[in-house]
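Produce the complete structure using the sequences and hints provided.
Letter by letter, the chains look like this.
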Amino acid sequence: MIPEIGHFALILALGLALIQTVVPLYGFARNRADCLAVAAPAAIGQFAMLGVAFVSLGFAFYANDFSVAYVAANSHTQLPWFYRIAAIWGAHEGSLLLWMMLLSCWSLAVAAASRTLPREVASCVLAVMGSVSVGFLMFTLFTSSPFTREFPAPGEGRDLNPLLQDPGLVFHPPMLYMGYVGFCVAFAFAITALITGRVDSAWTRWTRPWTIAAWAFLTLGVTLGSWWAYNELGWGGWWFWDPVENASFMPWLVGTALIHSLAVTEKRGIFKSWTVLLAITAFALSLLGTFLVRSGVLISVHAFATDPARGVYILAFFTIVIGGSLLLYAIRAPKFEAGTEPVAALSREGLLLLNNIFLVVAAAGVLLGTLYPILADSLGMGRISVGPPYFNKVFIPLTAPLVVLVGAAAVMAWKRTRAELLRSRLWAPLIIAIVVGVAMPLLTVGPGALAAIAGCVLGCWAIATALEDIVRRCRGRRIMLPRHVLGMALAHIGVGVFVIGISLVSGFGGEHDVRLAPGESTSMAGHEFTFMGTRHVEGPNFVAEVGDFVVRKDGEQIAELYPAKRRYNASGQTMTESDIDIGIWRDLYVSLGEPLSGDAWSVRIYYRPFIRWIWAGGFLAAIGGLLALSDKRYRRRADAPARRAVATDRNDKAAHA
Amino acid sequence: MLVGGLFVGLAAAVALALTAFSENILYFHQPSEIAAGEVPVNTRFRIGGLVEDGSVDRSGDDLVVHFTLADCAASVPVQFKGTLPDLFREGQGIVAYGALDESGEFVADEVLAKHDENYMSPDVADAMKDEQGNSCMPAEMQAQR
Numbered sequence: 005m006i007p008e009i010g011h012f013a014l015i016l017a018l019g020l021a022l023i024q025t026v027v028p029l030y031g032f033a034r035n036r037a038d039c040l041a042v043a044a045p046a047a048i049g050q051f052a053m054l055g056v057a058f059v060s061l062g063f064a065f066y067a068n069d070f071s072v073a074y075v076a077a078n079s080h081t082q083l084p085w086f087y088r089i090a091a092i093w094g095a096h097e098g099s100l101l102l103w104m105m106l107l108s109c110w111s112l113a114v115a116a117a118s119r120t121l122p123r124e125v126a127s128c129v130l131a132v133m134g135s136v137s138v139g140f141l142m143f144t145l146f147t148s149s150p151f152t153r154e155f156p157a158p159g160e161g162r163d164l165n166p167l168l169q170d171p172g173l174v175f176h177p178p179m180l181y182m183g184y185v186g187f188c189v190a191f192a193f194a195i196t197a198l199i200t201g202r203v204d205s206a207w208t209r210w211t212r213p214w215t216i217a218a219w220a221f222l223t224l225g226v227t228l229g230s231w232w233a234y235n236e237l238g239w240g241g242w243w244f245w246d247p248v249e250n251a252s253f254m255p256w257l258v259g260t261a262l263i264h265s266l267a268v269t270e271k272r273g274i275f276k277s278w279t280v281l282l283a284i285t286a287f288a289l290s291l292l293g294t295f296l297v298r299s300g301v302l303i304s305v306h307a308f309a310t311d312p313a314r315g316v317y318i319l320a321f322f323t324i325v326i327g328g329s330l331l332l333y334a335i336r337a338p339k340f341e342a343g344t345e346p347v348a349a350l351s352r353e354g355l356l357l358l359n360n361i362f363l364v365v366a367a368a369g370v371l372l373g374t375l376y377p378i379l380a381d382s383l384g385m386g387r388i389s390v391g392p393p394y395f396n397k398v399f400i401p402l403t404a405p406l407v408v409l410v411g412a413a414a415v416m417a418w419k420r421t422r423a424e425l426l427r428s429r430l431w432a433p434l435i436i437a438i439v440v441g442v443a444m445p446l447l448t449v450g451p452g453a454l455a456a457i458a459g460c461v462l463g464c465w466a467i468a469t470a471l472e473d474i475v476r477r478c479r480g481r482r483i484m485l486p487r488h489v490l491g492m493a494l495a496h497i498g499v500g501v502f503v504i505g506i507s508l509v510s511g512f513g514g515e516h517d518v519r520l521a522p523g524e525s526t527s528m529a530g531h532e533f534t535f536m537g538t539r540h541v542e543g544p545n546f547v548a549e550v551g552d553f554v555v556r557k558d559g560e561q562i563a564e565l566y567p568a569k570r571r572y573n574a575s576g577q578t579m580t581e582s583d584i585d586i587g588i589w590r591d592l593y594v595s596l597g598e599p600l601s602g603d604a605w606s607v608r609i610y611y612r613p614f615i616r617w618i619w620a621g622g623f624l625a626a627i628g629g630l631l632a633l634s635d636k637r638y639r640r641r642a643d644a645p646a647r648r649a650v651a652t653d654r655n656d657k658a659a660h661a
Numbered sequence: 272m273l274v275g276g277l278f279v280g281l282a283a284a285v286a287l288a289l290t291a292f293s294e295n296i297l298y299f300h301q302p303s304e305i306a307a308g309e310v311p312v313n314t315r316f317r318i319g320g321l322v323e324d325g326s327v328d329r330s331g332d333d334l335v336v337h338f339t340l341a342d343c344a345a346s347v348p349v350q351f352k353g354t355l356p357d358l359f360r361e362g363q364g365i366v367a368y369g370a371l372d373e374s375g376e377f378v379a380d381e382v383l384a385k386h387d388e389n390y391m392s393p394d395v396a397d398a399m400k401d402e403q404g405n406s407c408m409p410a411e412m413q414a415q416r
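Chains A and B, in that order, give the protein sequences.
In terms of my numbering, the first sequence opens at residue 5 and continues consecutively.
In terms of my numbering, the second sequence opens at residue 272 and continues consecutively.
No lab work stands behind these hints, which were simulated from the structure alone.
Remember, predicted model here, so these are calculated numbers, not experimental data.
Fair warning: there could be bad hints in the mix.
Using C-beta positions, here's what the derived DEER-type ranges look like [unchecked claim]:
hint	chain 1	residue 1	chain 2	residue 2	range
1	B	Thr314	A	Gly384	16 to 26 Å
2	B	Leu287	A	Leu446	23 to 33 Å
3	B	Glu294	A	Ala313	33 to 43 Å
4	A	Gly452	B	Gly276	27 to 37 Å
5	B	Gly275	A	Ser634	34 to 44 Å
6	A	Leu383	B	Glu294	18 to 28 Å
7	B	Val285	A	Ala37	43 to 53 Å
8	B	Leu287	A	Pro451	28 to 38 Å
9	B	Val274	A	Gly384	38 to 48 Å
10	B	Leu287	A	Ala334	27 to 37 Å
For each residue, glycine too, the CB sits at the ideal point set by N, CA and C.
Quick look at the structure:
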């Protein structure tokens, strides 16, 4: 009964999404306020219906209703309840439902905030979001409903993939999808701008907070994903340039470019068409990411073709959404009046132009490496793969200059900056960056690779310049700096922390595989690991062999680690559960390989200096985004005169000087 | 000036990407291609096939494992030093990265087994087809797919 209610709610949601799309657009074309006013209630109704569907599926999981095929495929009675709930988004059908649920949350937020927007803009934005929702709802209802029954119902489920049975599953996909779907709002604003033909500072002021919010969630999602892979996969790595990771990283790169180009469009009224194009691209890549990961095309183009209905639908939907918006763009974008002033190289807009180019080219490089193997395979050009060396070779030279630019961001003024000003403000951070950047690795991990130390200096440079900016601006001020300024500085500090993390972990990290019998030890970067033996442990839905390791440094015990080898009862699948001693300066990571002759095991040991900094940087950047979002400049009502906004900007500029 | 600089920079980026790309493409070969001598030695590539039953030999005290990897027609000896993935076992399809040495043994530096029980790497699945395109995998493994 409950699954049928969920299915029915999905059908009602489709109806409401159609109304949300068609009626406001008609109202816009005919200039009818009553039709425009339909958008917000329809969005609220759609949210309620998707909520019902989502809760229904959640209940089916909670109650172990294995007559629902999706539940039977992804759950088990022994699975703990929180994993049963999170299993909603453990596979294709349910993650589509999560996607639509989050889209309706964003629509609800737009509807709630619509009092700050002119009615035709708010309705148009909701109509575009409704049309995306229509596409996803039809896809779900016609090709991949999570509510399909299976008769006779199996007595027991086939269990959630053990790889997914980790707290990461509870947080990572919802955050990532919040980001993906959030770019739909920016996309909807871009389409609205193309329809209404207006890209002015009011438009950017409405678009910016939504874009920053989506970007912050995506940053959190990607960071959590990296952290999860490190914890769960047992390979001690934090990024593998896997197509699944790239799928989430490309929208992030373009979204980052979008945030920066929106700033230029707001302050200087230039880059209008470019900003709109970036908004479309960011969402296109989000869609691509969703489909790449969930359609099976990455597993194989042949797996994709085994369900032709899904494949054809996805391609058709993608073509309509992206082709349609690019067509609209081609027709309407030339009408945006272009700025006449040239962009000076030594100005904030010049700097942000460079930022955009680096980010977009980096995203294009990642796209090439991700899609080329798929294309080559489907065109019968042979099976190839593109390995991490390609991505590192392309990505690092393109992003290192970007970090240098981050340092100049705080100092550059709009329009034109004198070179002397740059020199006078940047020498102190430069010296601090060099001293700290060289001293920090020397004091914590010892002398080593030059490239890693250069990276560390680069990271310190980003942090030092951001701090210098804050300190200089705070001096002689009684009131707090505006939150968007603090948010930017925090995000840039996050970039610096992240760069220090990746430089030092790649330059100084170590790993080795070793055979250990009980009582034997091995040493790694000054730490001695002693294997005491294994014991047998029974978990809720698995049995495990747990290894017992004692770690000593300079003869003193500093940690005990218990890596395990689990065997899941339902699937018979084995899983390596590594154990990690966490620290600010280094992680010690032990995972069990396989039992060898006698009581010996093959053991893999990793030393990962500064790896926590990678995720700390990601979280700092996301918090910076959320802080900027909370700035009251984004919460002005539509009826407030635009003049006041200009006045505030002047105050900001006065604060800059 | 700015535009000229951008142009040069973009050209450099494209050149960088394309050289890196052509240097880092890895081809896929299956055991019968190697047995036929079509694959050059000391060049990194990807291999896929089934781990032959009874071939896994981990007798040494070091972590070197020897096994043979087979498709329908031929098999190739493989050696790997390190920790094998959780899903590695005899009779299972795997993919490995590495190069052939002069003696004709494939020296793997990375071994990947499928991500879960129900999924077989498409590379391996295709490698396990004879000339008529019929799979020569054991029947119960075909049923799993």
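Let me make sure I understand: some of the numbered hints might not hold for this structure. Which ones are they, in numerical order? none
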